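Asker: Starting from the structure of chain A, add chain B where the hints point.
One letter stands for each residue in the lines below.
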Amino acid sequence: MATRTSWEEFSKGLWLDNPVSRQLLGMCSTLAITNAVINGIAMGLAVSFVLICSSLLVSLVRKFIPNQVRIASYIVIIASFVTIADRFMAAYFPPLSKALGPYVPLIVVNCIILGRAEAFASKSTVARSLIDALGMSVGYIVALLILSSVREILGSGTILGYRVLGTWFEPWIIMILPPGAFITLGILIAVAFQIERKVKQRS
Amino acid sequence: MRLYRRMLIVLSSIGLVSGALLMSVNIFTKDRIASNRQKEIEEAVIKVIPGAKSSLRIYEEKDFTVYQGQDEQGNVLGIAINTAAGGFQDKIFYIFGLNAQLTKINSLFVLDQKETPGLGAKITSAEAFLQFWEGRDASQPLALRKPAVKKDALAPNEVNTITGATISSRAMLTSVNAALERIKKLKQEGKFSIEGSNGD
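Protein sequence lines correspond, in order, to chains A and B. Residues in the first sequence are numbered from -12 upward in steps of one, following the numbering used here. Residues in the second sequence are numbered from 570 upward in steps of one, following the numbering used here.
One chain only, chain B, in its complex shape:
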C-alpha cells in the first residue's frame, strides 16, 4: 500500500506543478499570440485593399470571413474575403480584395499552403501567379488560360495557370468563383452590410 500511495503522490504532484507552470506560461503569452494572429490577418486585409488603413470584420462563417477596409476618414474602399481552397495536399488559405461593388478583384494573397514546393507552391509567387488576379473582372465567373497554348492577351476575366501545376491553379480558380458567388448571394440576402460611407 505504501508504494501505491507514493506513486499516487509523486505523479499527482508532478501533474499539479506542471499544470500550474503551464497556466502561468499561458497567461503570460496568450495575449501576444492572439495579437500576432490578429495582426497577420489585419496586414493581409490592408494589403489586398489598396489605400486601406484599417479593417473591420463584417461577416463570418466556417472558412469564409469577410472584412471591409477603410481609409483614415472612414471611407470604405473595398472588402476582403478570407477563405480556403481545396489544394493538392491540404487547404490553401488565402485572402482576396474586391471593390465595394463586388465587380473587380483588387489582388489576391496566399496566407498558408502546403502545395508541392517548386510546382504548386508557385501560387504564392507574385510573378508566376498572383499578378494575374489583379484587376480581374468579378462580375462574371473567372476562367483559366494556359499561357503556353493561348498566346493572345488575357480577357478581363481570365487568369494564367501555372505551367505544371494545373491542380493548384484550378483549385484556386474554383474556390475564388465559389467565393464570388457566395458573397454576391450574401449581399442580395442582406446578410452583411458595409458600414460607414461608400467612398468608391
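In isolation and in its complexed conformation, chain A is listed as follows:
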C-alpha cells in the first residue's frame, strides 16, 4: 500500500475503486437523489465534505481509539459532520435542503464514508487519508453528475433547469421515478465494467 504514489492514491477513487461504479457503496442516496442535476451536485458536495472531514479526523485520532470502540467512535465523528452539513444547508440553501430531504441526515449511514474510515483512514497517515478522501469524493461527484444528467435530460428534457431538448421532446417520466434510477445505474455499471475489460484485454 505504501508503494502507491500520491497520484495513484487519488486517481483510484476516480476509476479503479470508484465508490459508485466499482465499490457499489452508498446506493440508497445515489439512486434516490439523482433525479435532477442540482440535487446530484448538492448531495455530492455534502458527502464530500463529510468524507474529507471525517477521514482527516479519523486518521488523526486513529492511535488513541481502542480497537473495541472504533466503529462507535467513527459513527459519532461522522454524525457530527453530517449534522453540521445538514444545518448549514438548511440555513443557507433552504430549497436544496428541502429537495434532498431525509437523505442528508442519512449520510451518517452512507457506507462510502464508514467504509473509507474503517478500510483506509484508520490505517493510514493523515496526508494519505486526505488524498484518498479527495479522490473518492471526486469519483462520487462525477458518478452522480453522470447519473443525474442522464436522468434529468431524458426525464425532464432539461439540465440544471434549462431546457436542452426542444418542445418536440416528450419527457420520459419513468427516468425521474425510481425505476429510471435503477436503469441508469445498471447501464452505468455495465459500461464501466465493459471498458475495464477492454483495457485489460489490450494490456
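Please keep in mind that the hints were generated in silico from the structure rather than gathered at the bench. If you're wondering where the values come from, they're calculated on a predicted model, not measured in any experiment. Be aware that a few hints might be false.
[Stated by the list, open to error] Derived Cβ-Cβ restraints for the label pairs, each shown as a range: (1) P92(A) x A603(B): 57 to 63 Å; (2) Q642(B) x F169(A): 38 to 44 Å; (3) R(-9)(A) x T732(B): 38 to 44 Å; (4) A86(A) x K599(B): 19 to 25 Å; (5) P92(A) x G584(B): 15 to 21 Å; (6) K85(A) x A747(B): 21 to 27 Å; (7) Y573(B) x Q188(A): 53 to 59 Å.
We put the beta carbon where it would ideally sit given N, CA and C, even for glycine.
Answerer: Same frame as chain A, but now just chain B:
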C-alpha cells in the same frame, strides 16, 4: 481494567467534543433556519392574498393555520389557510387565500408535495391546475369537472381535474371543502377574529 477505562475516556471525550461542536453550530444557524421557514410561509400568504403586504397568524391547530393579510394601512384584505390534503403518496401541504367574508377563493398554492412526477405533481402547475381555483365561489361546496368529458364553461364553484391524476385532484378538492367548512364553523363559534379594520 485499563482497557475499559481507556475505552470509556476516549468515547466520552469524542462525544463531548462533538456535542459542544454541534451546540455551537446550532447557535450559529438556528435563527437563520427559523427565519427561512417564516419567510417561506410569509411569502406564500402574501401570494394568495392579492395586495397584501404583511401577514399575521390568527388561528392555529394541527395542520390548519389561519393567517390574515393586510396592506400598508392595516386594512385586512383576506385570510389564508395553510393546511394539508391526503395525497397519493404523502400529505400535500398547501395554502389558499379567501376574501374576508369567506365567500371567494383568491388563489391556491402548493407548498410541499410528493405526488407522482408528471401526473399528480401537476397540482403545482398554474396552467394545469392552480389557475382553476382563482376566484371560485366558496359559499357552496366546490366540485370537480372532468375537462375531457364536460366541455361547457366552468360553474362558479367548479374546478377542472388533472387528466390522469384524479386521486391527487380529488384529494385537493376534499381537503379544500373540509377546510372551508372548518373555517366557517370556527368563524361562527368566534374562535378567531380578524384584527384591524375590514377593508374589503
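Asker: A range of 38 to 44 Å was offered for this pair. Does it hold for the Cβ distance of R(-9)(A) and T732(B)?
Answerer: violated (59 Å)
Asker: K85(A) and A747(B), beta-carbon distance inside 21 to 27 Å?
Answerer: holds (26 Å)
Asker: I want to verify a distance hint. Is the separation of the beta carbons of Q642(B) and F169(A) within 38 to 44 Å?
Answerer: Violated: the Cβ-Cβ distance is about 58 Å, outside 38 to 44 Å.
Asker: For A86(A) and K599(B), compare the CB-CB distance with the range 19 to 25 Å and indicate the outcome.
Answerer: Check passed, 21 Å falls within 19 to 25 Å.
Asker: Quick check: does the Cβ-Cβ distance between P92(A) and A603(B) fall within 57 to 63 Å?
Answerer: Roughly 19 Å apart at Cβ, these two residues miss the hinted range, so it is violated.
Asker: May I ask you to test the hint 53 to 59 Å on the CB atoms belonging to Y573(B) and Q188(A)?
Answerer: holds (55 Å)
Asker: In this structure, is the beta-carbon distance linking P92(A) and G584(B) contained in 15 to 21 Å?
Answerer: holds (18 Å)
In summary, the structure is inconsistent with hints 1, 2 and 3 from the numbered list given earlier, while agreeing with the others.
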